[in-house]
Each structure stands twice: as C-alpha cells, then as structure tokens.
Amino acid sequence: MFPSGRERQILNPLTFLRCLSCSTINSRPFREGDYVFGEVEEKCPKCGGDRMRIVGIYVKEPEQREKRQKQTL
Amino acid sequence: MQIAGQGDLLTSLIQLVWLLFLMIFILYPNFSQRLQLSYILRDLERKLYGLKRIREEVRSRVIETLRKYSDGNVDLEKEVDQILLSFAITPESMDPYGIVYKLEHIVNTWEDTFEENVRRLCPKADRERAKTLTNLVEVARGIDYLYRVVRHYYLLGKKTSNIYIVLQIQMLMPQLMEIAEAYRQACYAFMQGQPVGDGVGVLAAAKLVEGLEKKTYEVAKDTIVHELMMDGKKLFVLRAAGPGGTVGKPADGIIKIIENEGERVKAIVMIDAALKLEGEDTGKVVEGIGAAIGGIGVDKFKIEEIAKKYNIPLYALVIYESIGEAITPMKESIAKAAEEVVERVKSIIRSKVEEGASVIIAGIGNTVGIGLS
Ligand SMILES: [Zn+2]
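The listed protein sequences derive, respectively, from chains B and Y. Residue numbers 37 to 109, in the numbering used here, belong to the letters of the first sequence in order. Residue numbers 783 to 1155, in the numbering used here, belong to the letters of the second sequence in order.
Don't read these hints as lab results, they were simulated from the structure. Be a bit skeptical, because a hint or two may be false.
As the list claims (entries may be wrong) - Cross-link-like lysine-lysine pairs, in silico, PhoX-like; alpha carbons within 25 Å at most: (1) Y/K829 x B/K96; (2) B/K96 x Y/K1134; (3) Y/K996 x Y/K829; (4) Y/K1066 x B/K96; (5) Y/K829 x Y/K940; (6) B/K96 x B/K79; (7) Y/K1118 x Y/K1038; (8) Y/K1082 x Y/K1134; (9) Y/K1058 x Y/K1038.
Can you build the whole structure from these sequences, using the hints too?
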C-alpha cells in the first residue's frame, strides 16, 4: 500500500541552543514554541546557567553514501 | 512414432486458442487499449486512495490544531470544509494593461479574507500563532485541491473510457504523490511552528545582522527592515516579520525604502530558495542576476519596475532545494547554506557598492519559526 515505512516517517528537527554565559552549544528535540533567535529559560548542562538562545532549528541529516555516488555522475 | 490422435488434438487446441486471440484483435481493435486502460485505472485508483488518506490525515490534524485555539462556539469541521473550498478568480487578461495591480488587489483581498476567517475560528490564538495557523489551513487547502483534481481526471477517464485522459494524469502521478507527501510533512511543520526550507532567505538575512547595532522598524505589512552601517555603507536588510508564518510584502518594502533613499541606493541583493534540478545538491548557493522571488509574480514585477526606474542593479543569491524541501522542516544542509550566503552577501557589498552608498538586502521566504535577530 502507498504510504510505506520511510514515507510515513515525520521529520522531527533538533533545536540548537547556545548558553548565554558560557557559549556552549547543545541540542535537544524541537519543542512547540521554539523559534530561531528566541531566548529560553533552560539549564545549561555545562555551567548551569539558566538562559539560552536558540541558534538553529533543523533536521540533522545522516552522512550519506549518496554524496559519493553523485560525484561519479 | 506418434500416439495417434492425442498430439493432433493438442496442436489443434493451441491453434484454436491462437485463432481466438487473432479474432479478438481483428474484430475488437480496442481490446489491447481496454486492457491497458483497466490497468492504468487500477493503478490510479490505488494512488488516489493514498492521496485521500493524506488529505484526511492533514484535514483532521488541522481541525485538531484549530480546536486548541477555538472557543468552541463554531462547528469547526463545517467551517474548515468551507474554507478549503474557497477560491479566488484571476483577472481577465484579454486586455492585459494594468493586470498586475488587479491581480494584486484580488490576491490581497483573498489573503486578508483567508486570515480573517482563520482568526474568527481561533480567537484564542495570538497574532503570530494566527499567521502560522493560516499557513496550516493553506496547506490543507493545497492537498484538498490536489486530491479533487486527480479524482476528477480519474472519474472522467473511467466514465468516458478515455485512455488519453487517464494517461495524462498517470504520467504526472509520481510528482503529484511527492508533492502530496510534502504537504503532509508541511502540515506537521506548521502545526508546531518549525522553520521550513523556504525560510532560508529570511534566515540568511537575520544572520547577516545578528548581534549588530541596528534600527528595526516595520516598513510594509508584516515586513520589517533593519537599518545599519557596515564598512561605511548603509544597509537596509528587509525580511518578513517572524516567528509567525508569513512572507510579508517585500516589494512594498523595497519600494518604500527606494522612495526614501532615492539615488543613494546602488544595489539590491535578493536571497531566496530556488528549485533545484534533480541530481543537484540541496543547500548549494548560486549567484545570479534578477529579482529572486517566487509567488504569483506581483512582487517580482513591482521590484523589477522600481529597479529599472532608478537603474539599480538586482543581484540574486539562491539556495537550491526541492519543492518538498521548501515546505518541510529545514534540513541541516539548508540551514548551513544560510551562513555561506551571509559571506557571499558581504563580498557582493564589498565589491559592488562604494562607500557612502546604500544597499538593500532582501531575505525572501516564509518566516515560520524564525524570530527577529
Ligand atoms: Zn553554559
């Protein structure tokens, strides 16, 4: 039947946050209400600071073998 | 040696079958076509069923999402179905003079009405949220329309047994199914307000001015501009306001800036996502000349007109992506391209604009999930 395996999968992006006190960047799954350049109150896993700025929201792509194939064509 | 009779009988039988086949093809020349028609119809039916499932899924997700922001006084299902069937009539082109402005008028009214309807259904949604919800309903409308068109050709072909009708729609089916799947993904992205691939132009414009001292104000409906100095040049960085989903009115913004700045504007740099060809890498940044903006053409026309009037060169920077990638959550390669675009824009400004002059940089695209930097 049409919608099989790979196609049914919903792309879920990651949210990348930069700590405002130590500048470490870490990521977590996207949560509703997140937006790029938005500031959120979340604990930094490294220094414990509690303000972070969202620097990116995107779907992480696996390193593809396709890329190598493309070069031959 | 031969076993009497038996071999002969078999041969005769086979000959008879062949003869029958021959007769069918001679007396009934359409036989092979009929056979093919029924195969195609069955194939179409299966795909149409898949399309219907996607449409139902999107429709129910949309209603579910709208319900969160509704006050419960309206029959959401009925209202949404009504919005899905709404339409706009393009202006008469027999006499094309002034058609762009007529089209603009109709599209503006249509967009405003659409947004108003969504707001009416979702009184609990704030301004930004309402914009994203409007996008969401547009996605539902897109897939609904796609389904109805394919169903039309399927039923018409079946009713008239016309193989040429079903052949045409069958040929398009692979691309249409891809678009349908993209709509499905887009529905989830807009439900949660995630940035989509089309937003890369806006993202690049936002990254260009991130952390710099600037004056920010609204220049046209849903469109903001950051005014700042960079290497002795005055930059007007224009984009749609976020993080609600909107594309703004870039042409109106550019016109207003040029009318204020006059001859001082020496370049317009436009950044937008562009359709890649199959085999090309997603997120590739390419430079060109012209107004890089999609849509129905009103903005493109107006930007070209004002650029010609003031003799300002139009530089285009596009980021390659597929039609599906444009409306589904942004991919890493596209997000990374935004940083490359920033460098390219800076190099264009360095090489093409002299000190003391002004330059407009327009990030085109949907701002869903992209706030102000
Ligand atoms: Zn930290």
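Hints, verified against the model:
no., hint, in the structure
1, Y/K829 x B/K96, "violated, 30 Å"
2, B/K96 x Y/K1134, "violated, 36 Å"
3, Y/K996 x Y/K829, "violated, 52 Å"
4, Y/K1066 x B/K96, "holds, 17 Å"
5, Y/K829 x Y/K940, "holds, 15 Å"
6, B/K96 x B/K79, "holds, 23 Å"
7, Y/K1118 x Y/K1038, "violated, 31 Å"
8, Y/K1082 x Y/K1134, "holds, 22 Å"
9, Y/K1058 x Y/K1038, "violated, 32 Å"
The earlier numbered hints that this structure contradicts are 1, 2, 3, 7 and 9.
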